[in-house]
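Enquirer: From first to last, the protein sequence lines stand for chains G and D.
Just so it is clear: in the first sequence, position 41 is 40 by numbering that gives the first Met the number 0, and no numbers are missing.
Just so it is clear: in the second sequence, position 367 is 366 by numbering that gives the first Met the number 0, and no numbers are missing.
No lab work stands behind these hints: they were computed from the structure.
Incorrect hints may have been included.
Identical chains blur together in the list; that is why a pair holds if it fits in one copy or across any two.
Cut-off 25 angstroms, straight-line C-alpha distance, at most; resulting in silico cross-link-like pairs (BS3-like, lysine-lysine) [as the list claims (entries may be wrong)]:
#1 K99 / K85
#2 K124 / K215
#3 K342 / K243
#4 K136 / K99
#5 K356 / K136
#6 K154 / K99
#7 K130 / K99
#8 K221 / K55
#9 K99 / K221
#10 K221 / K85
#11 K162 / K99
2 protein chains.
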Amino acid sequence: MITSFHPPVRTLMGPGPSDVNPRILEALSRPTIGHLDPAFIDMMDQVKVLLQSAFKTENELTLPVSAPGSAGMETAFANLLERGDKAIVCQNGVFGGRMKENVERCGAEAVMVQDEWGTPVDLNKVEEALKANPDAKLLAFVHAETSTGVRSDAKALCELARKYDCLSVVDAVTSLAGIELRVDDWGIDAIYSGTQKCLSCVPGIAPVSFSERAAKIIRERKTPVQSWFLDLNLVMGYWGGSTKRAYHHTAPVNSLYALHESLVIVQEEGIENAWARHARNHRSLAAGIEALGLSFVVEEEYRLPQLNLVRFPDTVDDAAVRAALLQDYDLEIGSGLGAFAGKVWRIGLMGFASSQKNVNLCLAALSNTLR
Amino acid sequence: MITSFHPPVRTLMGPGPSDVNPRILEALSRPTIGHLDPAFIDMMDQVKVLLQSAFKTENELTLPVSAPGSAGMETAFANLLERGDKAIVCQNGVFGGRMKENVERCGAEAVMVQDEWGTPVDLNKVEEALKANPDAKLLAFVHAETSTGVRSDAKALCELARKYDCLSVVDAVTSLAGIELRVDDWGIDAIYSGTQKCLSCVPGIAPVSFSERAAKIIRERKTPVQSWFLDLNLVMGYWGGSTKRAYHHTAPVNSLYALHESLVIVQEEGIENAWARHARNHRSLAAGIEALGLSFVVEEEYRLPQLNLVRFPDTVDDAAVRAALLQDYDLEIGSGLGAFAGKVWRIGLMGFASSQKNVNLCLAALSNTLR
Numbered sequence: 000m001i002t003s004f005h006p007p008v009r010t011l012m013g014p015g016p017s018d019v020n021p022r023i024l025e026a027l028s029r030p031t032i033g034h035l036d037p038a039f040i041d042m043m044d045q046v047k048v049l050l051q052s053a054f055k056t057e058n059e060l061t062l063p064v065s066a067p068g069s070a071g072m073e074t075a076f077a078n079l080l081e082r083g084d085k086a087i088v089c090q091n092g093v094f095g096g097r098m099k100e101n102v103e104r105c106g107a108e109a110v111m112v113q114d115e116w117g118t119p120v121d122l123n124k125v126e127e128a129l130k131a132n133p134d135a136k137l138l139a140f141v142h143a144e145t146s147t148g149v150r151s152d153a154k155a156l157c158e159l160a161r162k163y164d165c166l167s168v169v170d171a172v173t174s175l176a177g178i179e180l181r182v183d184d185w186g187i188d189a190i191y192s193g194t195q196k197c198l199s200c201v202p203g204i205a206p207v208s209f210s211e212r213a214a215k216i217i218r219e220r221k222t223p224v225q226s227w228f229l230d231l232n233l234v235m236g237y238w239g240g241s242t243k244r245a246y247h248h249t250a251p252v253n254s255l256y257a258l259h260e261s262l263v264i265v266q267e268e269g270i271e272n273a274w275a276r277h278a279r280n281h282r283s284l285a286a287g288i289e290a291l292g293l294s295f296v297v298e299e300e301y302r303l304p305q306l307n308l309v310r311f312p313d314t315v316d317d318a319a320v321r322a323a324l325l326q327d328y329d330l331e332i333g334s335g336l337g338a339f340a341g342k343v344w345r346i347g348l349m350g351f352a353s354s355q356k357n358v359n360l361c362l363a364a365l366s367n368t369l370r
Numbered sequence: 000m001i002t003s004f005h006p007p008v009r010t011l012m013g014p015g016p017s018d019v020n021p022r023i024l025e026a027l028s029r030p031t032i033g034h035l036d037p038a039f040i041d042m043m044d045q046v047k048v049l050l051q052s053a054f055k056t057e058n059e060l061t062l063p064v065s066a067p068g069s070a071g072m073e074t075a076f077a078n079l080l081e082r083g084d085k086a087i088v089c090q091n092g093v094f095g096g097r098m099k100e101n102v103e104r105c106g107a108e109a110v111m112v113q114d115e116w117g118t119p120v121d122l123n124k125v126e127e128a129l130k131a132n133p134d135a136k137l138l139a140f141v142h143a144e145t146s147t148g149v150r151s152d153a154k155a156l157c158e159l160a161r162k163y164d165c166l167s168v169v170d171a172v173t174s175l176a177g178i179e180l181r182v183d184d185w186g187i188d189a190i191y192s193g194t195q196k197c198l199s200c201v202p203g204i205a206p207v208s209f210s211e212r213a214a215k216i217i218r219e220r221k222t223p224v225q226s227w228f229l230d231l232n233l234v235m236g237y238w239g240g241s242t243k244r245a246y247h248h249t250a251p252v253n254s255l256y257a258l259h260e261s262l263v264i265v266q267e268e269g270i271e272n273a274w275a276r277h278a279r280n281h282r283s284l285a286a287g288i289e290a291l292g293l294s295f296v297v298e299e300e301y302r303l304p305q306l307n308l309v310r311f312p313d314t315v316d317d318a319a320v321r322a323a324l325l326q327d328y329d330l331e332i333g334s335g336l337g338a339f340a341g342k343v344w345r346i347g348l349m350g351f352a353s354s355q356k357n358v359n360l361c362l363a364a365l366s367n368t369l370r
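Make the full structure from the sequences, and use the hints.
Expert: If you want it as structure tokens, here you go:
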């Protein structure tokens, strides 16, 4: 007989999921109601307003996709691209590569702009690619690369896209609520995020937002979106502003309670204050990391405060240290991905987990374990 | 300022979500851990074993898709079909139509076998279609049509599929854990379900299972699955039996706690006992419905015990009755879909909601409201 599962109580300082605020876990467990219940419809309207506020946008087409961040990425590409389209994709880590996969599975061509892992997307290379590909439909890049801890200049990249009459598609999975992000001011056309990073919510939902320019392209497609489940023309029948909601799929009711609560918490703190908190706790961690004789992979200017790539000496046994942190401190930090596997740790300070208490725990645990 | 959302406490007797067992809501709110945490990996292994047991299969490729039942449907078609393939799709309600949409969005051709809403899939018509289309790759049908309350003969349909060398694809969203379902004994090649029906779990996850024959077809595709997120060749790197789990997407950790708990509850009761309970409570409801002078749409032989289509007289104001049930009794029943809109109610007795207590409440509330 298999019995109920009781998870250990961890402190989550990896690349996500991050520590979930207990208020959100409590909201998650509230009684399930129908996805067409008037009370639920009211809550959906609030989620939309709160998401618009977190993204700093007035985009009508702003909603949570009923699946994890990866499905948010697919929603952007599958809705905007048709067979034969061309997309410029910037890659400076794992997730640019995933964008390429998505573009190609839509039957479109991906023109890649490659930058070294650990560095931001190079604006000059992007401008060259835009000049060389006047037929490109969109420019896609990752704002906060979870695999490398690098922030790219989203504002400047979106300006470039607009200059060359391209849509901009921004991966904000790790950036939303952790660093400055302004969808309308920066002219972002399509953006997706996840719930399990700086929103400190449980994983499983992908907030997305599309400009009117992008929404028009989706409405006027020549061919149907290849995914029925992610087709925004259908999803909008349920999430759209109309009072009569058309059934598309059964919404993940309780996960949306949790997202609602996480967005209420962001609203209470003020998102600019959340950005400042992430920056402050990063500085505190950085001072301690350097005092331990460890170093950062990313130059200070491009570092993500919410995801810290820390290089350790060759003499350190990566897996053994992470196992010890988990066993002795119930502390999870992340391993390196791709080119960085076995060479770095990824230490997250995301959302609720971005606290002085967590900085202290992590530094003390690392110090004792590395001794 | 938007404040925390506190849902009303409803009794959910519509077409789903159904009432969630409080044990499952409590499991849902347990502390989030990492999706690569050894404790989580152990739990995933248990979910797989429990799902195999609920589906009555030994299929290795059995796992929960990280999105609602509709995405489970898309997982089946997007993985099995390639451009130019042909599929025979049975339609006797809303969800057969959705299957057609999915088939066509995969670039495949859907040969439709139409039956009247409220009746089961006709075996003779299916055999004719199989004979007329020897190049068909698969036969797809809905075991328990949520829009009409009809059970089709899944065992006989799968036998026909096999006789004509077709894969069988079965929609078990509403059937799993509510009526007899035997994946291996019946030779089902691909099956998908949802968590929010007879598993009494929160909505948002889609259990799926594929026979070795189907899995081989997926492994040996000529072209990549058009959905990156739903590509089982990638998903299996995370859910597969290997001790080294490859990151694909971030699993919806807490929703999987809930699914685990719901499957533990099914195991405790014994799935055959759950089927019997659904049948028993249906008979009790049916007696009361007929005593109220209302009638069933579906002939007794084909009725789903977990979803009852009840016809009401023209003199009854559909929306007013449902609004009164919701307001006066916090009781949700479902409205008719498609051809049945405004003509029937859909009364669910699914999973935890399939109880004598709920039967009593529903009959008393209907009786008083219709008086």
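Enquirer: If a hint holds in the structure, say so; if it doesn't, say that too.
Expert: Structure-based check of all given hints:
Taking the closest pair of Cα atoms, K99 and K85 come within 25 angstroms of each other only inside a single copy of the chain (11 angstroms); across copies the shortest separation is 29 angstroms, beyond that limit. With identical chains, the CA atoms of K124 and K215 are never at most 25 angstroms apart, being 29 angstroms at best within one copy and 43 angstroms at best between copies. For the identical chains of this complex, K342 and K243 are inter-copy neighbours only, at 19 angstroms across copies versus 54 angstroms inside a copy, given an alpha-carbon limit of 25 angstroms. Within a single copy, K136 and K99 get their C-alpha atoms as close as 14 angstroms, which meets the 25 angstroms cut-off; across copies the closest is 30 angstroms, which misses it.
Taking the shortest alpha-carbon separations for K356 and K136, neither the intra-copy value of 46 angstroms nor the inter-copy value of 58 angstroms comes in at or below 25 angstroms. Proximity of K154 and K99 under a CA criterion of 25 angstroms is satisfied intra-copy only: 22 angstroms inside one chain copy versus 42 angstroms between copies. In this assembly of identical chains, the alpha carbons of K130 and K99 lie at most 25 angstroms apart only when taken from the same copy (20 angstroms versus 42 angstroms across copies). Proximity of K221 to K55 under the C-alpha cut-off of 25 angstroms is found in neither arrangement, the shortest distances being 31 angstroms within a copy and 43 angstroms between copies.
For the homomeric pair K99 and K221, the shortest alpha-carbon distances inside one copy (22 angstroms) and between copies (19 angstroms) are both at most 25 angstroms. Taking the shortest Cα distances, K221 and K85 sit within 25 angstroms of each other both inside one copy (16 angstroms) and across copies (23 angstroms). For the homomeric pair K162 and K99, the shortest alpha-carbon distance inside one copy (23 angstroms) is at most 25 angstroms, but the shortest distance between copies (42 angstroms) is not.
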